[in-house]
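Colleague: This is what each chain is made of:
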Amino acid sequence: MNFLAPAAAFLALTLPAIVALYFLRIRRPTRVVPALNLWPDQIRDRQANVPWQRLRFSWLLLLQLLAAAVLVAAAVQPVLSAGTSLARHSVVLLDVSASMQARDVQPSRLDEAKREIGGLIDQMGPQDRMTLVAVGSAPRIIASVVGDRDALHRAVSGIGAGNGPADLSAALALAAGLVRPGDDGQAYFFSDGIVGPIRTDSNSSLPFPVEYHRVGVSAENIGLTSLVVRTGAQSRAAYLHLQNFGQQARSFSLDWSADSKLVDVRQLTLAGGQAQDLVLPVPADATVVSAHIDAGDVFALDDTVTAVARTPSAFRVLLVTPGNVFLQQAISLRSDIQLDVVAPSAYKSSVPYAMSIFDRYSPPTLPNGPFIAIDPPAGSPLAGGPAIGIGRVRATDAGDPLLTNVDLSDVHIARSQDLRSDTFGRSLITSLQTPLVLVRDEPFRQALFGFDLHESDLPLRIAFPILVQNLSEWILPPSVPSHSFHPDEPVTIVPDTGATSVTVVRPDGSRRSLAGGAVATFGDTDLTGLYTVEQVVSGKTDRSWFTVNLFSDQISQLKPADRLTLPPFNNAAAVHAVHRGQLEIWPWIALAALGIVVLEWLAFHRGL
Amino acid sequence: MAALLDPPLLRRLEGLALQVRRAVSGQMGGERRSTARGRSVEFADFRSYSPGDDFRLIDWNAYARLDRFMLRLFVAEQELPLSIFVDLSGSMDWGRPNKAETAKRLAGAIAYVALAALDRVRLTVFAAGPTSGGAPYRGRRAVAELFSRLESFPVGGTTDYARLVWPVGKQRPGMTVLISDGLGESSIDPAIAALGRARQEGAVLQLLAPQEMAPDWTGDVRLRDSETGAEREFTSTPVTQASYLAALAQRTHDIERSAHRRGLRFVRLSTDQPIDDMVLRTLRRLGLLS
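Protein sequence lines, in the order shown, are assigned to chains A and B. Counting from 1, one number per residue, gives the positions in the first sequence under the working numbering. Counting from 1, one number per residue, gives the positions in the second sequence under the working numbering.
Hints listed in this document are in silico derivations from the structure and should not be mistaken for laboratory results. Each residue gets a CB set at the ideal place from its N, CA and C atoms; glycine is no exception. A hint or two may mislead.
Said to hold, decoys possible - FRET-style restraints, in silico, Cβ to Cβ:
hint: 1; chain 1: B; residue 1: D216; chain 2: A; residue 2: R27; range: 15 to 25 angstroms
hint: 2; chain 1: B; residue 1: D216; chain 2: A; residue 2: D41; range: 14 to 24 angstroms
hint: 3; chain 1: B; residue 1: G287; chain 2: A; residue 2: D41; range: 54 to 64 angstroms
hint: 4; chain 1: A; residue 1: R31; chain 2: B; residue 2: R284; range: 35 to 45 angstroms
hint: 5; chain 1: B; residue 1: R285; chain 2: A; residue 2: A20; range: 17 to 27 angstroms
hint: 6; chain 1: B; residue 1: S290; chain 2: A; residue 2: R31; range: 50 to 60 angstroms
hint: 7; chain 1: A; residue 1: D41; chain 2: B; residue 2: R285; range: 33 to 43 angstroms
hint: 8; chain 1: A; residue 1: T30; chain 2: B; residue 2: R284; range: 33 to 43 angstroms
hint: 9; chain 1: B; residue 1: D216; chain 2: A; residue 2: Q106; range: 54 to 64 angstroms
hint: 10; chain 1: B; residue 1: R232; chain 2: A; residue 2: G147; range: 51 to 61 angstroms
hint: 11; chain 1: A; residue 1: A20; chain 2: B; residue 2: R232; range: 17 to 27 angstroms
hint: 12; chain 1: B; residue 1: A230; chain 2: A; residue 2: I18; range: 47 to 57 angstroms
hint: 13; chain 1: B; residue 1: D216; chain 2: A; residue 2: G125; range: 57 to 67 angstroms
hint: 14; chain 1: B; residue 1: R232; chain 2: A; residue 2: I18; range: 20 to 30 angstroms
Stated by the list, open to error - Some residues of chain B that are not near chain A, with every Cβ distance over 12 angstroms (derived):
hint: 15; residue: D45
hint: 16; residue: L118
hint: 17; residue: P173
hint: 18; residue: G182
hint: 19; residue: Q273
Between the sequences and the hints, there should be enough to build the whole structure, so can you do that?
Modeller: This is how it looks when you write it as structure tokens:
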């Protein structure tokens, strides 16, 4: 048996103090009675103010001494060795992702995990420390190397579940940084196991072992996993995908609304594991449509989905070219682009365009805005050095988002301008001889191709339309993307030209102001539902919308994972000396003391 | 006289009389039926004529029928000898209202009822020993003197009931009223037993103060005996209060049982009961007065 607060033993001084009080005599007032022999011989000292008297036996004294002794025993907080093991530094990783909101265990998976963590905190010894990390879409340190159990309990109780996924890899990396080499550390991951893929890095291993504590039991859930509005030639329709992820058949009703007005109600029945696609009507003037099911399952986050029904406004793009069908086709793949193609001789700089593309042409004055220049002719301020032959083509940075899904392995280029000394911007695609494609962010997003597309087989490769699409979406992202995002996914908002203020109204009505006039990344997308972007242009407020929905089969499946594949534990990095956990018994001792005090109170009132 | 009892109370007391269960044996004529034969209107018995008898008592009708001289005997009416013993020990000098003062007033009221009925009243107060209240009082003219004497007695001292045995035992058969709180170191039983042996009928009236029947204090005190002055430390709690009340009830029960065993009436009175209510209601209900 150990004591968590041995210093409290000084409270034992109260015992002799109680005895000393019984040595004191009471200053008693004299009261004359007719017959003294009728009164029982009963003396009990309840207060003392005159020293001293002979100590007499008293049940009250005995009970008071016993109560004081038991209270002192409780104050030193004795603990017994528990059956579990606990490291000196415990790193507790708590999954706060959306799936932890499931109520298959009451009150929820998160609350169950918090309860288990509370038990772990109670087992901490006086020298033990704990670090709490909330594992959400971005890991968050709740408490860092804390030994105060009350503070840890408060920190745990203040944790709430988010709507996003759980990035365990980032959380483990963060936790690994908090444990010093050589520490006696152990990580405990409380989760349902529905986490993102673990990024494996052969060079990294964890400086502590990870113990996975699974919470959750059931996978019974019906979820809406997709809602898309398609505009056809004649009408618009919404395509809704829903699935019963459980094993039991369920009947439920589907409410279909447009702009918060009920459009349709359907009764549906899905067998266990069955999925169903529905085509739902979208009114012509609808801005937002939403679907809601009343399945009464254990997970509510995927029971309501929302989609923007209004067609986004199109960008006007100018292509100045003597003729380039490949480029024209690739640009036209974007549905929100209205392309104007003109010959170099017909180019007029006075017409404003959202983006201009100059193919083998350079205007006298470059537009003050986004553009793509391809093989600018000699004499142009964008032109590079004399053309040189090009060998192997490769990406400057394979991880560059602009080259996502762009395969350059079988692309060949005959020759290109020498852009080695060009200061246009950073290189995107390069070769052994010279950079081939340069991009820059300031003052506007612009790109420069040093070669003529016709002197390359790039337009014949699948990489070409993808590259053009990536570049156009980078240079000209949708002002407000109308498609659905996942919770906690950042949304890029490009303010309209002349916008003086940009405000995002979240589903709960809260407002977030963004800096007007600059491309902004909006990250407060933790709530599911409809987000309204309000832009004030010339005193007029324009509204556009985007939605955030769960739309995750992995999360809606809700099936707790029995095992997790985690990075290896580097045994050599830490001297792992596990000590026994501790079970506190002082609450029971304090309860016994309370009982003795009650007994003493009863004895006092019964005149013992 | 007015200081002890109010005139209105005295007027109401005049309508009362001591109620005896058997004939009395007084020394002087009075208004009570006597065990002796005498002159009254109440026929008692016949007996044969003996020379020397008053021939005016011969029943001539009986002589005509029986041809014998028969004397008609009548019940003699004599005074009722009433003895009042009043406890004026230290324990009686206690309570609100004071027990001794109440005892004096109660004794005065009973004595007044007797004197108004031409009964003879002997007064004795006692504490450590008996103190005679003087020669027996008789007639209304003695009321003022009795009251004055009653008021003049001091209060205090220990109670020794054993010393009541001799003055009680020497009494002629009659009525005795013993007024006491029944408390004290010694037992009252010998005195009550002496009353029985002396063929006294009457009553034992236990007079207590309300504060001793229901103590209104708690806490740590030093108790002092009102008679002996002995002291003892004491803590009053509900338990000790209950213990005291049980002892008091036992003492009262012992006195009541002792009185009833000797054919005496018993009642416990509280000093907060008005004196007229004690006399006109309680003692009438007890059968001591009628």
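Colleague: A separate judgement is required for each hint: does it hold in the structure or not?
Modeller: Here is how each hint holds up against the structure:
1. B:D216 x A:R27: 15 to 25 angstroms: holds (21 angstroms)
2. B:D216 x A:D41: 14 to 24 angstroms: With Cβ atoms ~22 angstroms apart, the hint holds.
3. B:G287 x A:D41: 54 to 64 angstroms: Violated - the Cβ-Cβ distance for G287 (chain B) and D41 (chain A), about 40 angstroms, lies outside 54 to 64 angstroms.
4. A:R31 x B:R284: 35 to 45 angstroms: Between R31 (chain A) and R284 (chain B), where Cβ atoms are some 37 angstroms apart, the hint holds.
5. B:R285 x A:A20: 17 to 27 angstroms: Since the Cβ atoms of R285 (chain B) and A20 (chain A) sit about 59 angstroms apart, the hinted range of 17 to 27 angstroms is violated.
6. B:S290 x A:R31: 50 to 60 angstroms: At roughly 42 angstroms between Cβ atoms, R31 (chain A) and S290 (chain B) fall outside 50 to 60 angstroms, so the hint is violated.
7. A:D41 x B:R285: 33 to 43 angstroms: holds (39 angstroms)
8. A:T30 x B:R284: 33 to 43 angstroms: With a Cβ separation near 41 angstroms, T30 (chain A) and R284 (chain B) satisfy 33 to 43 angstroms, so the hint holds.
9. B:D216 x A:Q106: 54 to 64 angstroms: Given a distance of about 59 angstroms, which is inside 54 to 64 angstroms, the answer is holds.
10. B:R232 x A:G147: 51 to 61 angstroms: 59 angstroms Cβ-Cβ, so the 51 to 61 angstroms window holds.
11. A:A20 x B:R232: 17 to 27 angstroms: holds (25 angstroms)
12. B:A230 x A:I18: 47 to 57 angstroms: violated (32 angstroms)
13. B:D216 x A:G125: 57 to 67 angstroms: For D216 (chain B) and G125 (chain A) the Cβ distance comes to about 59 angstroms; the hint holds.
14. B:R232 x A:I18: 20 to 30 angstroms: holds (26 angstroms)
15. D45: holds (52 angstroms)
16. L118: holds (37 angstroms)
17. P173: holds (33 angstroms)
18. G182: violated (9 angstroms)
19. Q273: holds (18 angstroms)
Of the numbered hints given earlier, the model fails hints 3, 5, 6, 12 and 18; all others are met.
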